[in-house]
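K.L.:
Protein chains in written order, with this note's numbering: chain X, 1 to 354; chain H, 355 to 708; chain B, 709 to 1062; chain V, 1063 to 1416.
Among the hints, erroneous ones may be present.
[As the list claims (entries may be wrong)] Pulled a few chain X residues facing chain V out of the computed Cβ check, cut under 10 Å: (1) Asp44; (2) Arg133; (3) Met166; (4) Gly184; (5) Ser211; (6) Glu216; (7) Ser226.
No wet-lab data here; the hints were simulated from the structure.
Quick caveat, the model's predicted, so the values are computed rather than measured.
We put the beta carbon where it would ideally sit given N, CA and C, even for glycine.
4 protein chains.
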Amino acid sequence: MVIVMREGAEASEIERVVRAVEELGLRPHRSDGELRSVVGVVGDVSRLSEEVFLRLPGVEQVVRLEQPYKLASRAFRPEGSRVWAGPVEVGGPGIVVMAGPCSVESREQLLEAAQAVREAGAAVLRGGAFKPRTSPYSFQGLGAEGLRLLAEARQRTGLPVVTEVMAPQEVELVAEYADVLQVGTRNMQNFSLLKELGRAGKPVLLKRGMSATVEEWLLAAEYVLSHGNPDVILCERGIRTFEHATRNTLDLSAVPLVKRLSHLPVVVDPSHATGLWELVTPMALAAVAAGADGLLVEVHPDPSQALSDGRQSLRPDRLARLVEQADAVAQAVGRWILRPEHVAAPRRAAAAGR
Amino acid sequence: MVIVMREGAEASEIERVVRAVEELGLRPHRSDGELRSVVGVVGDVSRLSEEVFLRLPGVEQVVRLEQPYKLASRAFRPEGSRVWAGPVEVGGPGIVVMAGPCSVESREQLLEAAQAVREAGAAVLRGGAFKPRTSPYSFQGLGAEGLRLLAEARQRTGLPVVTEVMAPQEVELVAEYADVLQVGTRNMQNFSLLKELGRAGKPVLLKRGMSATVEEWLLAAEYVLSHGNPDVILCERGIRTFEHATRNTLDLSAVPLVKRLSHLPVVVDPSHATGLWELVTPMALAAVAAGADGLLVEVHPDPSQALSDGRQSLRPDRLARLVEQADAVAQAVGRWILRPEHVAAPRRAAAAGR
Amino acid sequence: MVIVMREGAEASEIERVVRAVEELGLRPHRSDGELRSVVGVVGDVSRLSEEVFLRLPGVEQVVRLEQPYKLASRAFRPEGSRVWAGPVEVGGPGIVVMAGPCSVESREQLLEAAQAVREAGAAVLRGGAFKPRTSPYSFQGLGAEGLRLLAEARQRTGLPVVTEVMAPQEVELVAEYADVLQVGTRNMQNFSLLKELGRAGKPVLLKRGMSATVEEWLLAAEYVLSHGNPDVILCERGIRTFEHATRNTLDLSAVPLVKRLSHLPVVVDPSHATGLWELVTPMALAAVAAGADGLLVEVHPDPSQALSDGRQSLRPDRLARLVEQADAVAQAVGRWILRPEHVAAPRRAAAAGR
Amino acid sequence: MVIVMREGAEASEIERVVRAVEELGLRPHRSDGELRSVVGVVGDVSRLSEEVFLRLPGVEQVVRLEQPYKLASRAFRPEGSRVWAGPVEVGGPGIVVMAGPCSVESREQLLEAAQAVREAGAAVLRGGAFKPRTSPYSFQGLGAEGLRLLAEARQRTGLPVVTEVMAPQEVELVAEYADVLQVGTRNMQNFSLLKELGRAGKPVLLKRGMSATVEEWLLAAEYVLSHGNPDVILCERGIRTFEHATRNTLDLSAVPLVKRLSHLPVVVDPSHATGLWELVTPMALAAVAAGADGLLVEVHPDPSQALSDGRQSLRPDRLARLVEQADAVAQAVGRWILRPEHVAAPRRAAAAGR
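Using the sequences and the hints given, assemble the complete structure.
P.N.:
Structure (structure tokens):
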């Protein structure tokens, strides 16, 4: 159940609604938008009448949700959420390209890649320090050392950093270095991790589980949201199907569907979805046309030498071409690609304002 | 195995190659492109050396295919195929919108819909006379009467017609009325039907089976091609996965993948793929951005009254908006939507030239 | 809706019910069981009250079905159906092993295989004359010649024959030679074929489509039943999933599920399901334990030389061992394997009684 | 690569082989069977000749593995592994029934359930204290209090306890109370958890991920094995497919397949696989026939009142009937159900011997 306040409702009215929810043994979640405030009601409301709240001053309407998620639902924030990846806004009209190598392999590789993706037009740097690998004998990432290299790359390029966190006990460490904490597809229902991320104080990029329904995905986001962190970015990265010509099947229809069901920003990872660099650009363009708020693209200075996922990595020059084309498509749908040079100034302002 | 002739190879050289293939107990498939001819070799070539053909005059190269399909492979016609749906070219730079009701329900409904989709910008009329329905108790279509109504709608609007054929013994009848013969997803591996369509003398629009791999789909096309019909349009319409929030999962990555593997045009059906009209437009735009040569869209004058699939049908005014937006995206990738008014003139010419 | 008559209801009472159904513009399907008769009502009954029928003499109860299938539902024949494959009863307490080569390849191969499977304990001979092959370049079967060889094998061994039919126009020919007409997985929703089989006068073995839900499978059976053929055997043969270590994923839980939903016999094909001969015996035993009424097993005198599917074919000696073990498991669940020697005598009786 | 020593090879010979592996920069994993020892070689052996080890004294053969898992492969321990769940042997000829409620809900419910499942024939008690729930608003389990109740139930019934652990930081706590640590389907690729379980000192029951291939499942086991814990029991619990008539699709063919690929015991959970109590018994029987080493069955004293998964829980009387029938099927395949009364005596002995 979501209680929508009138435009210009007074603070005391909102507080009274919050108290009323608590007095009924339910949990209130208040969210103050630009125009109006909304109070989510968590708990069993099946026998509760909307009338209880409608008669309180300042209440405009009460929406009973059929979906099992509440804080993630579009009704909770009809105007859509914007999440700040450091100085970069995700979920606004500008579309954000997040790019970088699958794994941080060495200082030289990372700094070269970071510089290259910035020049190619990416506004966020991605790269894995902790790597979830199917085999225990595969390269497991550089760990804390990788985090330090990512922070150095940020300092040199100005690009904020998104990187994966794999375990609850590592959240604090990763949050110290990263601007956005990524949850990988295999951990989408790692509930201990999600709860910890609810207390992380940094935005979360939540990849869809490779066999998760859209509803399960939004409920995973609800774990983070209901544990106190309002900043979640969803990431579609392909689902597992019978078709093995591509690594996964990119479910692009999830983008407009999630946009209707939820207020959270959605980005798309065409690299892991397809597993083939030749398909990354066409699927990136398709994602933009379908309404995605961003792209997550694997780029490696020398894909043939990558320690992981080289087959799906773009060369930097191909990323530059992708960004150009994606910008053309974005403009066709009334948006644009957010370039790193536009981020530079607002960065400091945003940092100051937060 | 595919034998590529030199530019300007003489007819006698090509014929000699064809004979050489036959003398080895194999079947030749000759295809004359604008610049050069190509001869496909069907049969067991595992122990055959390329040298046998390379030493014949006029032969430029011999390509050994790893794929099990030959006539459908990109190597067989590297420049891509163009298929004529009546006067409308599919597979050229112009992107073709095929639209209409799921089922032909009545003369009034069809003529109204046909006029409406033409005005909205569709260049081809689609509509089902023979309907494959999961339940024997559902409306099974108007049959032959539906075909006659489609022909009347073509006469009134000038739009060529694509409609489904479900059984080998109906191919001749449907081919008499339709410009393009559609094979539905449930019949993609109805091999008796595919063989008959190889002799139909009309282009075939081959929908991907809902659980068919891309390779199986191309092999189904190979059935039609190898039985004598060079005009096949592929249609991605969603695959069956665990996700039931949408009716199927639209596998858009199949579009650029098939474009690499095959020379055949590919169109996309966002209506059946998603099953939700709200997702049709964003997925149509995504399909165009991914490189599709056309769209198959369900439109109904009054979706709430449709005898089948109303939930996924667009109203005509929404199709008009879709075409506009799709045209903007198409131009961002260097193409455009082929409007019905542009077809009028070339139609007669093309008809004369065939 | 299904109208259940009282035990011992008179013929005139049943006829009156049938007429009442017709007078309401609906279609009656009468089925006379040993104890009582049942009348299925096909058509839109959503606004019809059960009272209409309950007040007629001889009516015991009226069951409103939630499922979309009627004649296939368990409610229509609560005691279960038994289908005769020539002299062999399928759906009774005896479990039927149907075995033979994937394809009929030659007279010698087939007669040797038929003799071998009979000796190993199979009561029905299976073998393909018309073969649905993914590639147009693969062996397509011997066709009519294969049918004649199957008939000869039946004459020599006494085993009834099940073989596939692929197209409506071939139903009559195949029905002339075969005891049971098989519909392959790719044709489960070939509705033209299903309708024709409704008029075939021979039992139908309906394989589940590789991506068909249980409901769609039962609706496909409903096509055959509602077009006049009451004798349908269902066959689970594996569904398509992300797992490719086996050819398909055998959905054994479909066996007890279908037994609850429908009165039709269910057999299991562990050969196509797994694609690996090593897994055929364990999965055959599991099928028997799960309640299957029969097994469809591929056997080849020399699997390494088979023209199709050799990898999944058992050698005859392994089939003999499978039958022994399956009989032990069957007895543990109160059933037994129906041996060919037990069929000999009842055969003539059954034939006479029909 | 796996180095198999001769029967009766001397300790010094084995140690020399271990040193040789280390000197090559690779990691040795030694396993001493009853008859012979085996040394697994972990690391890149692609350029290493078998000769290097074959010429060492005591070495019988060197097996190069194609699979990416080594310690989990059948070659590493051809005779099969037996894992002790407290006093109960899993992987021997006796088949183990593990039963209990989905969640520990209260002292009364658990003690009643524990007594009931022991009387029905279960030899191991299962029950969840930490519950992975799709929604943050669902009952999350009693946590540590649930663990204490499980320990009390063990003391009263003598049944060892298997319960789930969800996070690395909880492994130590859960290991203090439980006899077997369960990894749930959503955590199969929670690599931080798997690594921690490698050091847990208690056996691990590793459920297959709902979209994990058999190879990924064995690699997840390899994580536990290679981090020092040799005691892993695999549990097939259904995979996610397009079919939603059952909660998941039980992939029973994985049982004989894994038995060929790996030496680890495999148990089956028909409750979560089907989600319908009516299907639990037939699928349990099928699992035994297919070669499973145990069953994991949800039982609740009063399923209609269960806080989670009531729809799939058996009543205790139905479990008793299941055990009887499963014993009959087990005997048909040369095995039997291990009854709790048979466990009493060996328990102390085994505990002493460890």
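K.L.:
All hints, please: hold or fail.
P.N.:
We went through each hint and held it up to the structure:
1. Asp44: holds (9 Å)
2. Arg133: holds (7 Å)
3. Met166: Check passed: Cβ of Met166(X) comes within 5 Å of chain V, closer than 10 Å.
4. Gly184: OK, holds: Gly184(X) within 10 Å of chain V, min 9 Å.
5. Ser211: holds (3 Å)
6. Glu216: Nearest chain V Cβ about 6 Å off; hint holds.
7. Ser226: Holds, because the Cβ-Cβ distance from Ser226(X) to chain V comes to roughly 5 Å (cut-off 10 Å).
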